[in-house]
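Asker: Residue numbers (my numbering), protein chains in the order written: chain A, 1 to 362; chain B, 1001 to 1165.
Read the hints as simulated data drawn from the structure, not as lab findings. It is possible that some hints are incorrect.
Stretch-level coverage of chain A by chain B, calculated; a stretch enters the list once three of its residues show a Cβ under 8 Å from a Cβ in chain B [what the hints assert, rightly or not]:
1. 119-126
2. 160-173
3. 266-275
Below, computed lysine to aspartate or glutamate pairings styled on DMTMM-like, alpha-carbon distance capped at 20 Å [what the hints assert, rightly or not]:
4. B:1025 x B:1090
5. B:1096 x B:1014
6. B:1025 x A:224
7. B:1025 x A:187
8. A:117 x A:97
9. B:1096 x B:1045
To give an idea of the interface, some chain B residues facing chain A are shown, with a C-beta separation under 10 Å as derived from the structure [stated by the list, open to error]:
10. 1031
11. 1033
12. 1045
13. 1048
14. 1070
15. 1073
16. 1074
17. 1078
18. 1083
19. 1121
Heads up, the beta-carbon is just placed ideally off N, CA and C, and yes, glycines get one too.
Letter by letter, the chains look like this.
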Amino acid sequence: MTIISTPVLILGGGVAGVSAALELARRGVPSVLAEKGPRLGGRVRDFCCKATQACVHCGACRLGDLLAEAAARPEAAFRSLALAAEAQREGGVWQVELRPQPDEGEADPLAQPLAEKTTVNAQAVILAVGYEPFDPRRKTRFGYGRVPGVMTALELEAMLGQGVLVGHDGQPPESVAFIQCVGSRDESLGNLYCSRVCCGFALDMAGLIKEGWPETAVTFFHMDVQGYGPSWEEALPHMRQAIDFVRAMPGEVSAGENGPRVCFAGPDGQPRSREFGLVALSQGLTPPASAGALSEMFGLNRNQDGFLGEDAALAVSGAQGVFVAGTAQGPRGIVESIDHAALAAGAAMESLFRAGKEAAHG
Amino acid sequence: MISLNDCDPGFKFEVAAEPGGAGIKACFACAACSARCPVAGHREEYDPRRIIRLTLLGRREEVLSSPLIWLCSACYSCQEVCPQQVRFTEVLTAIKNLAAKAGYAPPSAKQIAGLLAGHGRLLAVTEFENEKRAELGLPAVEERGADYAAILGIAPEAAEAGEEA
Ligand SMILES: Cc1cc2nc3c(=O)[nH]c(=O)nc-3n(C[C@H](O)[C@H](O)[C@H](O)COP(=O)(O)OP(=O)(O)OC[C@H]3O[C@@H](n4cnc5c(N)ncnc54)[C@H](O)[C@@H]3O)c2cc1C
Ligand code: SF4
Ligand code: SF4
Ligand code: SF4
Ligand code: SF4
């Protein structure tokens, strides 16, 4: 059993965790980051560049910059395959036990796999454990897992990343539909919040499809467009020409003869149905899988949506010396997660400073 | 065009205060209900989302006097797909109750009310039914029209109207 002491322990090595480690390192504060998986980068690892004629500011390439800088910083130590199992606070110090996870054989050169049970003594802990994409099987009526040609936005993203677009029959689809707010803004699921990123990524993917497969018709089923960012007003007229915006949530997706059949209400309120070659469900962000375990381990409350931490604006969690960064605290995009991580790092440094002052004054 | 001067901002609260009506305020106009409504598939003018929007806008007279609100088949499809737990079938019942109070109940609804008040059920019990019951060893059903009308709070004239039907 190894014992490490560090001012700050960071749990989770997605953009938020890596950004927090960098922010601390830039100010000369050492940290240890524990990622439960084999690699750093979190979900963004699998995202593709969505630039068409110009960069659409999706943020995906920010990860590469972050990792490159992290590699050059001696203050930030990265451990992979490390899962926090227990934590207790004594004399102003968190003692967190990390346990090695089974090796899946794709080690990250930037992170050192945890070899054995390790106790980390840290004055501050930053939780950056990310989110869980909503599982659209819970929204049975949209047919995911049942109707061929219905896929998640993440699956479509991975496919586009390979430069491929195939629909229900393995051929390039003549038409693609996006269904928005799947798992978000849905009282029947208890998810009352907007996930903030799905309108943006869906429209960016729609743009990518129109550029690579101009003959493919794209339909966008939505209630309203949220969080697209400051360029929205500018981009809209162009998008309206390329994409069919339908302001209605479909009632059902079933298997049709030529691909998934979407039933929805038209502008006149009349129900109608249309078949598409591919239907992408823009799944929202839900609380991280480990939210329950971590809130118990560190004695902190979850906010009304089930995410970690009490005050988003201050990145504080409600438990002493524990801070929350990125999507672990609530839905946000890549760039917002990077900014939020800087906030958490700042709050953690302030707590170290205060603890130091108290110690000096007895 | 709809002028706000013709709208009654209190209407939605009136609907929400009726039993089953509270959900109306949560609607965010996503139209999933309209997509699944079998009546909307047959009657062009019938659109659950539109009825909700008009109610939220406060188009009191337009909604209460509309013959459309009586077309709902109470199949609950809209309620099943609604992400906001609006429970439109029940909201519409609340709206119909207000419409009836305002004197807008259609003749068929009045007839049904009359039948209920006159016979305690939607069919009059005749000798035919009682003979069949006797064959099966069941006691005869005795109608007590005055009691039904009193329980339902319906005037005897309405009961009369039902008898004629
Ligand atoms: C379909 C889809 C498309 C998206 N597209 C975009 C986009 O185009 N632009 C954009 O800005 N945003 C997009 N997002 C949002 C983006 O994914 C997030 O903003 C970003 O991943 C947040 O980073 P994070 O570090 O908070 O979380 P994550 O990326 O989830 O990283 C969390 C990390 O923590 C690790 N971890 C989890 N639990 C533990 C634990 N208990 N102990 C240790 N480690 C743990 C995980 O293995 C993971 O590596 C999209 C989201 C979805 C669902
Ligand atoms: S921000 Fe997104 S679209 Fe722009 S270059 Fe980077 S990955 Fe491509
Ligand atoms: S960002 Fe768009 S799709 Fe996502 S929850 Fe918000 S409104 Fe719905
Ligand atoms: S499905 Fe629910 S939220 Fe959507 S328009 Fe109908 S009543 Fe409103
Ligand atoms: S309950 Fe009424 S409004 Fe709702 S779907 Fe059925 S017929 Fe349409």
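Asker: Hint by hint, say whether it matches the structure.
Answerer: We went through each hint and held it up to the structure:
1. 119-126: Violated: only 0 residues of the stretch 119-126 of chain A have a Cβ under 8 Å from chain B.
2. 160-173: violated (count 0)
3. 266-275: holds (count 4)
4. B:1025 x B:1090: holds (13 Å)
5. B:1096 x B:1014: holds (12 Å)
6. B:1025 x A:224: Holds: residue 1025 of chain B and residue 224 of chain A sit about 18 Å apart, inside 20 Å.
7. B:1025 x A:187: holds (13 Å)
8. A:117 x A:97: holds (7 Å)
9. B:1096 x B:1045: The hint holds at about 17 Å.
10. 1031: Hint holds; residue 1031 of chain B Cβ to chain A Cβ min 4 Å, cut 10 Å.
11. 1033: Holds, because the Cβ-Cβ distance from residue 1033 of chain B to chain A comes to roughly 8 Å (cut-off 10 Å).
12. 1045: Status holds, d = 8 Å.
13. 1048: holds (8 Å)
14. 1070: violated (17 Å)
15. 1073: violated (14 Å)
16. 1074: Residue 1074 of chain B check fails; min Cβ-Cβ to chain A is 17 Å, beyond 10 Å.
17. 1078: This interface hint holds because 9 Å falls under the 10 Å limit.
18. 1083: This hint holds: residue 1083 of chain B lies near chain A, its Cβ roughly 4 Å from the closest one there, short of 10 Å.
19. 1121: violated (35 Å)
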